[in-house]
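Colleague: Quick note, the sequences are listed as chains Y and P, same order.
Just remember that the working numbering sits 12 ahead of the position in the first sequence, which is counted from 1.
Just remember that the working numbering sits 109 ahead of the position in the second sequence, which is counted from 1.
Bear in mind the hints are in silico, worked out from the structure with no lab data behind them.
One thing to keep in mind: the hints can contain errors.
The list that follows gives simulated cross-link-like pairs (lysine-lysine, PhoX-like), each with its CA atoms no further than 25 Å apart [what the hints assert, rightly or not]:
(1) P:Lys644 to P:Lys615
(2) Y:Lys245 to P:Lys644
(3) P:Lys779 to Y:Lys245
Remember, it's a predicted structure, so these values are computed and weren't measured experimentally.
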Amino acid sequence: MVRETIRFWRQGQAIEVSGFHPRTTLLDYLRLQERRVGTKEGCAEGDCGACTVALGRVRGGRVHYEPVNACILLLGQIDGAELVTVEDLAAGGELHPVQSAMVEAHGSQCGFCTPGIVMSLFTLYHDGGRPLSRESVNDALAGNLCRCTGYRPIVDAALHVCGGQPDDAFATHAEQNVQGVEALADGQDIFIGDESRFFAAPASEDSLAVLYAQHPDATLVAGCTDVGLWITKGMAEIEKIIWLGRVTGLDRIEETSDMVGIGATVTHAEAHPSLARIDPDLGELMRRFGSWQVRASGTVGGNIANGSPIGDLAPALIALGSELELRHGDATRTMALENFFIAYRKQDRVPGEFVRRVTVPKLKGNEVFRAYKISKRFDEDISAAMGAFRFTLDGRRIAEARVAFGGMAATPKRAPETERALVGLSLDEPSTWGEAMAAIARDYQPLDDHRSSAAYRATVARNLVFKALSEAASGETRATRIIGQRDALQAAE
Amino acid sequence: MEVLRHVRKPLPHDSGPKHVQGVAQYIDDIREPEGTLHVAIGQSPKARGRLISLDVSAVRAMPGVVAVLTTDDIPGKNDVSPAFGDDPLFVNTEIGFLGQALFAVVATSRDIARRAVKKAVMEIESETPSITVEDALERQETVLPDYAYGRGDPAAVIAQAPVKLEGQFRVGGQEHFYLEGQVAMAIPGEDGDIHVYSSTQHPTEVQHVVARVLDIPDAYVTCETRRMGGGFGGKESQATQWAVTAALAARVTGRPCKLRLDRDDDFILTGKRHDFRCDWKVGVDEEGRIQGYAVDLLARCGYSADLSAGVVDRAMFHADNAYWMPAVHIASKRLKTNTVSNTAFRGFGGPQGMLAVEHVMDQIAWATGRDPLDVRYANFYRPGENVTPYGMEVEETDTLVNLVRTLEETSNYRARREEIAAFNASSPIMKRGLALTPVKFGISFTLTHMNQAGALVHVYQDGSVHLNHGGTEMGQGLYIKVAQVVAEEFGIAMERVRITATTTAKVPNTSPTAASSGSDLNGMAAKIAAGAIKKRMTAYAAEAHGVPEDQIAFRDDRVFIGNESLPFDELAKKCIAARVQLSEAGHYKTPKITWDRAKGTGRPFFYFAYGAACSEVIVDTLTGENRLLRTDILHDVGRSLNPAIDIGQIEGGFVQGMGWLTTEELVFAKDGRLLTHAPSTYKIPVASDVPAAFNVALYPNENREETIYRSKAVGEPPVMLANSVFCALVDAVHALDPAQPVPLHAPATPEAVLRACEALRGRPMG
C-alpha cells in the first residue's frame with residue numbers, strides 16, 4: 013500500500029496535503045500557501061530560529077513537542093506529527109502563558125525573532141517538569157538569535173513561566189492530541205509525485221532498499237538540516253527526495269554493556285543521553301551541537317553520511333573507535349568510521365547504498381576520553397577545530413592513543429604521527445610531551461578560511477594535545493576549561 | 110511637583126502582544142495584491158573593473174520572468190545615494206564591489222526571480238581590487254577629502270613628554286544583522302503615483318530617491334513604514350536601493366512588485382559598520398595624564414561615500430571619549446575600497462573613535478604601572494579642563510566622574526581587582542580580567558539641519574487620538590514613548606491614543622530615525638502638536654464655562670473646568686460643534702547647536718549622554734576561548750520617559766557592542782568576496798554569551814537641557830559600554846606577562862586572543 017498524501021495534526025484536526033513539489037519547505041508552505049505569516053524567515057539556513065515551529069510526536073503516551081526550523085524542513089517531513097505554529101497558541105484571544113510572560117518581561121523589541129522565540133519557549137514549557145536554570149534556558153534558546161534585547165528579559169520570561177506542569181489548551185486537549193497523532197501512523201509507504209520527481213517516505217528498510225536501488229540518483233534526507241541549505245541557498249534542483257524519517261528500525265538506539273548502536277535516523281537529541289553516558293565530554297559536545305532545533309531534526313547518521321570536513325561528531329566517534337554499517341540492496345557491510353571518509357565531501361559509499369547505523373564502543377576502565385570543540389562562539393557554531401583523544405593507560409603511562417580532528421583536513425581524520433608520539437609517554441613527566449605536541453604539525457596541514465587561519469588551527473591543535481595530557485594527568489578540568497568542566501557535568505548527570 | 114501618569118512609567122512595547130502572537134505585520138507579511146511580482150538582483154561577480162557587456166536574453170527567456178530591468182529602464186537619474194551621487198541603482202560601467210547590482214529580474218515568484226538572475230551572461234574587464242586599508246592607502250584612493258582639526262602642537266608636546274607611546278590599533282566592522290532583512294513593496298497608482306512600503310529608517314529619503322530615479326515629483330510618491338524588524342543604522346540610507354528597485358519594477362510592469370533580499374544577499378549587498386586602522390601617538394606625564402594626543406583615523410569606507418562623511422566625523426568627535434587633551438590633533442581619511450559601501454551602524458563611528466582612546470588608556474596604564482581605572486580618572490574632563498578638541502565646552506563635568514565613582518563602588522572594583530590578581534597568580538592557563546570604562550556620547554545630528562521633526566495629531570469626536578510623526582519604529586520603543594507623551598499632554602488613557610504608521614503623506618520632510626534622536630525630536634514635536642490642540646480646547650472650555658484658563662486641567666480621561674468636570678470625549682464633541690480645530694502639525698528644532706566644519710569648531714551636540722560599565726572575563730590562554738562572567742552598568746538617560754524601554758536599549762546595545770568586539774568578524778577574501786555572509790558564518794551573541802551576573806541601573810540625573818521631560822537619548826550610547834568587555838579581555842591576557850603591552854585588536858575572537866597570548870609567550874603564531 014502506498015499513500016499519496018502526507019498527513020499531520022493541526023489545531024485538533026487531521027490535515028492531508030498532496031501534490032506538492034518535493035523541495036517545498038514547511039516555511040514556504042506556511043507563508044505562501046496557508047498564508048499564515050506569523051512564522052518568519054530570518055536566514056533560510058536554520059541558524060536564526062525566527063521560523064521556529066513545534067512538532068509533536070507521541071512518546072511515552074504523551075505528545076512530546078520539539079522545536080524545528082521550518083525554513084530548512086521539508087513539508088513532507090511533518091507527516092505523522094502535530095504541527096504547532098505561533099498563531100495556534102493564543103486561545104480565544106487570550107495570550108498563552110509564554111506569550112504573557114514575554115510581554116510582561118519586555119522580551120520583544122523589534123519583534124521579528126519573537127514568534128520563533130515564543131515557539132522555542134512553548135516547547136520548553138511542555139518539556140515535562142524539567143528543573144530549569146539560566147543555563148538550561150540558554151541551551152533551549154541557543155538556536156534563536158535576537159539582535160535587540162540582549163536576551164536577559166527573554167531568559168527571565170522563560171524562568172518565570174517554564175519548568176512547571178503545563179497549563180494551556182494543549183495540556184487540556186492532551187488526550188485528544190495523542191489519539192489524533194497516533195491515528196496518523198499507518199505503516200504505509202508514502203510516494204508523492206512520479207518517477208521523475210517525487211517525495212518518498214518508505215516505511216520499512218526493505219522498501220527503502222528497493223526504492224533507493226531503483227533511484228540511486230535520489231537524495232536521501234534524514235533531518236534535512238544540511239540538504240535544506242542546498243535547496244534554500246544552493247538553489248539545487250533536487251527532484252527526487254527519499255525521506256528516511258518513517259523507516260522503522262533505523263530510529264533505534266541499542267545499548268549494551270560495551271557499546272551504543274545508533275540507527276541512521278536517530279536524532280542528535282535522541283542520541284544525546286546515550287552518548288553522554290559514554291563520557292561527559294561527549295555529552296557536552298552534543299549539548300553544543302547546533303541548536304535545539306538542529307538537534308531535534310538532524311541525525312547522527314546524517315552528520316556522518318554528509319561527510320563534512322568538520323562534522324563535529326565524527327572526530328569524537330573516530331577517536332572512540334566507532335564502526336559504521338552500510339546497506340545496499342540486501343547486502344550490508346561494516347567499516348571503521350575513519351575509513352568512510354575518503355576525501356573532501358567524498359565517502360566510501362556506492363550509489364544506492366545507505367548508512368544503517370554507527371556503533372560506538374564504551375570506554376573501558378583504563379581508557380580516558382577528552383573532546384574539545386573550538387569555535388568563535390560557544391553555542392550554535394561550527395568548530396574551527398574539533399579534537400578528540402582516547403588514551404589507553406597502563407598505570408600512568410599511555411599504552412595506546414587514538415586522536416582525531418575535524419577542521420584540520422579535508423575530512424575528519426586521525427593523527428597517526430601524534431598517536432605514535434603519545435605512546436609510552438608518562439602522565440607525570442610533562443617535560444616529555446613536547447614531541448607529541450610537535451607531531452600534530454606533521455599530521456595536518458589545515459586551511460585558512462573564514463572560521464580561522466591555518467596558524468590558529470595548528471596552534472590550537474598543538475595546545476589541545478597539551479591540554480588533553482594535562483587533564484588526563486590531573487583528572488581535573490577546573491583549571492583548564494571555561495565551560496564543560498567535567499566534575500560539574502558529572503554532578504549534573 | 111509635577112504628577113505624571115504616563116511618562117516615566119515602564120509600559121510595555123505597544124506591539125508586544127502582537128509580536129508574541131505573530132500578528133505584528135512586517136512588509137513581507139502584508140497580503141500581496143493579486144498579481145504581485147517579485148524582484149531579485151543580478152550581481153557583479155567581480156569587485157573592480159569595467160562592465161563591457163551584459164546579455165540578459167537568457168534571463169528574459171526563462172518562464173515566469175516578466176521583465177528584466179537594466180540601466181536602460183531608468184527614466185530619471187541612475188543614483189540612489191543619500192548625498193554624493195555615487196551609488197548607481199545599476200552599474201553603468203565602473204564596478205565598485207563584488208555583488209554590486211547590475212540589473213534586476215521581475216518574475217511571478219521569488220523563486221523564479223532568484224533562479225533567473227543566474228542566467229545572465231556578462232563580460233567584465235576586471236582589475237585587482239582594493240580590499241584593505243593598506244590597499245587603499247597604496248592607491249591613494251578616497252571617497253571624500255581628508256579632514257582634521259585640533260589644538261596646540263601635539264607633536265612637539267609628545268616629543269617632550271616624560272612618557273611617549275605610539276601604535277597602530279585595528280577596530281573591526283560589524284554587520285547589522287537586523288532579523289528582518291531588507292524588503293520593500295511598491296504599488297503603482299493612477300497618474301504615475303507610487304505607494305512604497307519600505308523597511309526603512311528614512312521614509313523621506315526613500316520618497317525623494319524613488320522620485321529622482323523615476324523622474325516624477327516627490328508628491329507622487331508615498332513611503333510608508335509601520336515597523337522594521339530591526340534597523341541599527343543599516344536601514345538609514347541602505348534601505349533605499351531596494352525600495353527604488355521595487356518602485357522601478359512597479360513602474361515598468363504596472364503591477365505591484367516586492368523585493369526581499371535573501372539573507373546572504375543582504376550581507377553581500379548592504380554596508381556595515383566601518384572598520385578602522387587607528388595610528389596613534391600619545392605623550393603623558395608620570396601620572397599618566399595626557400599632555401598630547403595625535404590620532405589618524407583611517408576608515409575603510411567601501412566603494413562610495415554613502416554616510417561616511419558623518420560617520421567618520423563622529424569617530425573624530427568621540428576620539429577623546431571623556432578625556433581632556435591639552436594638545437591634540439585628530440585626523441581622518443575616508444578610504445575607498447572595492448567592498449560594499451560601509452554605512453551607519455548604531456554609534457555612527459563613535460564607538461570606533463572611542464575604543465581607540467580606551468586602548469590608549471590601557472597602554473598608558475601599562476607604561477606607567479598604574480591601574481587602568483586610575484589612569485582614566487586622571488584624564489577625565491574637569492572644570493577648567495573641559496573643552497573638547499572641537500571646541501565644545503563639556504558643561505556637565507560632574508556627572509561622569511560621579512557616575513564612575515558610584516559604579517566603582519557598586520561593582521566592588523577594587524576588591525575584585527585584588528581577587529583576580531590572586532586567582533591569576535595561581536592559574537597558569539586560565540586568566541581573568543577586569544575593566545571599568547566610561548562613555549560620553551554627543552547627542553544631535555552633526556548635520557545641523559537634520560535636527561528637526563514633525564508630528565501630526567488629530568483628536569476625533571469620540572475622544573480618540575490619531576498620532577503620527579516622522580520617527581520610525583524599529584523595535585526601540587519610539588512609538589510607545591511618543592504615545593506616552595501625547596497621552597500625558599491630554600490627560601487621557603493610553604488606549605485612546607492610536608499609534609499609526611510613519612508615512613511621508615502625513616508628516617513630510619523628515620530626518621531619518623537615527624543618531625539616538627527619535628524620542629528627543631519626535632516626542633517634542635508631538636508634544637507641541639498636542640499642546641496646541643489642548644490649548645484650543647482649553648480656550649473653548651474657558652469661554653464656554655466662564656472659567657479662567659488656569660483653572661482647567663486635563664487628567665484621568667476627563668477635563669476639569671473649575672468645579673465641574675466632563676469626559677475628554679464630550680469636550681471634543683463640543684469643540685467640534687463650536688468649530689474648534691482639533692488637528693495640528695507640530696514641528697520642533699533642536700536649539701543651541703552650531704557647527705563650523707571648515708573651522709572645526711562649534712557646539713555640534715545639544716548635550717552628552719553618559720554611562721559606564723565594569724566587566725569581568727575569563728580567558729583560556731591555550732585556545733583563546735573566553736567568556737564574559739559579569740557586567741555592571743550604570744547609565745545616564747536623564748529622567749527616563751520609560752525605564753523599561755530604556756533598560757532594554759541599554760542591555761541590547763551593550764550585548765550588540767559586545768558581539769562587535771568579540772565574536773563578530775567580517776572576513777573578505779582577496780578577490781573581495783565576503784566569506785562571512787550568513788549567521789552560519791557570522792556569529793552574533795546568543796543567550797549564553799550574556800553573563801548571568803548582568804546588573805543594569807539607571808543613573809538618576811535630570812537633563813540640564815530642556816529636552817522632552819528632561820530625558821536623554823538612549824539608542825546608541827550603550828553600545829560603547831561594551832568597550833569594557835574588550836578592555837577586560839586585554840587585561841586578562843596582560844596577566845600572562847605584565848611587562849609587555851598586549852597586541853590585541855578588535856574583534857577579540859578566540860583566534861585574536863590566542864594570537865596575543867602566544868605573542869606574550871614569545872612564540873608568535875605565524
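Colleague: Looking back at the numbered hints, which does the structure fail to meet, lowest number first?
Modeller: Hint 2 contradicted; others consistent.
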